[in-house]
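Enquirer: Taking the hints into account, I'd like the entire structure generated from these sequences.
Residue strings, one per chain:
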Amino acid sequence: MKITVSERLDWFEKLSVILTGFSRSELLGTGLIEIYLDTIDQHLGEDHVNTLLDSFRKINIQDEEDLTAEESRNIQELVESKSNESITKLVILLWYTGQWYGKNSYIVSSQSYLEGLVWKAIGAHPMGGKQPGYGTWGFPPLTFSS
Amino acid sequence: MLDTYKEELFKNLQTAIELEHSTIPPYLAAFFTIDQDTNPFSWQAVRSVVMEEMLHMTLACNILNAVGGKPYIDNPKFIPEYPAKFNFADRKFDVGLIKFSKSSIETFMEIEKPSETRLRVKGEDLKGLLHPIDLDESTIGEFYETVKEQFTMLVKEYGEESVFNGDQSLQITSKDYYGGGGEVIEVHNLETALFAIDIIVDQGEGAPGSIYDGDETYFGQDQEVAHYFRFKEIHVERRYQEGDLPTEEPTGASVPVNWEAVKDMIENPKANHFPEGSPARIKADEFNQLYSHFLRLLHLTFNGQSDLIVKAVGMMYQMKYVAAELLNIQIPDNKEGKVAGPPFEYIPIEQRKVYAWLLPELASEI
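Just so you know, the sequences run in chain order A and B. Per this note's numbering: the first sequence = residues 1 to 146. Per this note's numbering: the second sequence = residues 1 to 366.
Rather than coming from a laboratory, the hints here were simulated on the basis of the structure. Some hints could be false.
Claimed, not checked - If the Cβ cut is set under 7 Å, some of the chain A residues that face chain B in the computed set are: (1) L28; (2) G29; (3) G123.
Stated by the list, open to error - DSS-like cross-link-like pairs, simulated, lysine-lysine; straight-line CA separation at most 30 Å: (4) B:K11 x B:K148; (5) A:K14 x B:K11; (6) B:K77 x A:K120; (7) B:K353 x B:K77; (8) B:K270 x A:K130; (9) B:K113 x B:K85; (10) B:K175 x A:K14; (11) B:K335 x A:K2; (12) B:K148 x A:K14; (13) A:K14 x B:K338; (14) B:K320 x A:K120; (15) B:K338 x B:K320; (16) A:K58 x A:K82; (17) B:K148 x B:K113; (18) A:K130 x B:K338.
Claimed, not checked - Ranges of calculated distance between the beta carbons of each label pair, as one might list FRET restraints: (19) B:P348 x A:A121: 29 to 35 Å; (20) B:K335 x A:G128: 36 to 42 Å; (21) A:D47 x B:T38: 34 to 40 Å.
Don't be surprised by glycine CBs; every beta carbon is placed ideally from N, CA and C.
Expert: Next up, the structure:
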């Protein structure tokens, strides 16, 4: 089947929200969605990626930031299926570390290092980049208190 | 009588704080849209100006505290709504939150333009002189010149000790303030007050008759052209060099600017212009939350809790990162493909979210 560029991006974005647990606003804010999709295409081939995106599309998620129980089960099945398991792991690693893990692992770009979700997840900052201000390491991470 | 006069002086110094602050959001919004790798000169120049504006705001707070006044920073009137009207006696223009462009740089030059008449101070005696200055009826240069004159006359009439009777522990010192443009001056007498005002004026428009800002004399730094001339260098894509006159074009090295390599930010972004629940809206709201908390922290910093500046600075860095995220987010259904940007809007205290590291400060206030 023919998938347009914007459809691919849209599905990749939604799938990424589910795989990373980060909201669309956080993922879009990195400015890396297109670059990451390119990176995956480059290493695994567009066809392979399209197969994953198409299986994802078929689950027909209504709101990727708030899955129903049935959607969650379907996603779990998709992620754990033999054909998709390794690629979904790579996508998660890519988002969290900004690094492509393969035979030759590498950091995708300086931006991807800075925007690795791992920093936000642990309430820290990338060393040597995005300085948080002198002495702020003495305070709890800058997150909303519930 | 001194108290009455001082009330007038307080109002003028509060105006100074607000005036200095009002330039920061427009400069920052443009700065965030510049690609550092493509336009390193412009990036560095705008950044250095905005950092000096932060110094000016701090200096104005130090001056107000030195005479026993109280800086008010966390209130809705403190932030202009952009585009803001800048009305001075010699020129009126709008200042908005606009991406880096020839036209935004022209507006910035307008803000920093050297006064042609620096010494037109109104009033010949204390009574005639000491009144709140209406910015509509004076230039920025005249405004500060008048404030200097007010200080001089008050001290002459009442003595230094009674004029500078503020709590010295309220001064922000270079221990608290780091990495900004120039140095913080602790204000405790006429000399230091006038010196602080000179720094504000000279960094902006240049020492009288000069393209340079005086920092080489004040702080032993390398020679640096004043804000107006730094913007002019970007605008004409050429540096000034030794011997150039303020009235003439720069004749130094060429510094090409790539005006296309700029984030295409929507003009004057506002959170509620973005659809509820959209990524642009979520990040714009987050930015406004940070900015409003930041103003609160600054308010407390300048009113006796100077150690809070560490948290204020941390908040400021966070604003920078969220602004960068906004500039990566396309505005839904925008035909020109514009991206969002930092709105710099005030959120009333009761609508603010609580950040974990602000808890002790908020608890002491509410």
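Enquirer: Each hint: holds or not?
Expert: Hints, one by one, checked against the model:
1. L28: holds, 5 Å
2. G29: holds, 3 Å
3. G123: violated, 9 Å
4. B:K11 x B:K148: holds, 14 Å
5. A:K14 x B:K11: Not OK: K14 of chain A and K11 of chain B at ~53 Å, beyond 30 Å, violated.
6. B:K77 x A:K120: This hinted pair is violated, its Cα atoms lying about 34 Å apart.
7. B:K353 x B:K77: At roughly 21 Å apart (the allowed maximum being 30 Å), K77 of chain B and K353 of chain B satisfy the hint.
8. B:K270 x A:K130: Holds: K270 of chain B and K130 of chain A sit about 25 Å apart, inside 30 Å.
9. B:K113 x B:K85: Distance ~16 Å between K113 of chain B and K85 of chain B Cα, so the pair holds.
10. B:K175 x A:K14: violated, 48 Å
11. B:K335 x A:K2: holds, 25 Å
12. B:K148 x A:K14: Violated - the C-alpha atoms of K14 of chain A and K148 of chain B are around 60 Å apart, more than 30 Å.
13. A:K14 x B:K338: holds, 22 Å
14. B:K320 x A:K120: Holds, at about 15 Å.
15. B:K338 x B:K320: This hinted pair holds, its Cα atoms lying about 19 Å apart.
16. A:K58 x A:K82: Distance of about 18 Å is within 30 Å: holds.
17. B:K148 x B:K113: holds, 20 Å
18. A:K130 x B:K338: Since the Cα atoms of K130 of chain A and K338 of chain B sit roughly 25 Å apart, the hinted pair holds (cutoff 30 Å).
19. B:P348 x A:A121: 29 to 35 Å: Holds - the Cβ-Cβ distance for P348 of chain B and A121 of chain A, about 31 Å, lies within 29 to 35 Å.
20. B:K335 x A:G128: 36 to 42 Å: Since the Cβ atoms of K335 of chain B and G128 of chain A sit about 40 Å apart, the hinted range of 36 to 42 Å holds.
21. A:D47 x B:T38: 34 to 40 Å: holds, 36 Å
Comparing the model with each numbered hint stated earlier shows that hints 3, 5, 6, 10, 12 do not hold.
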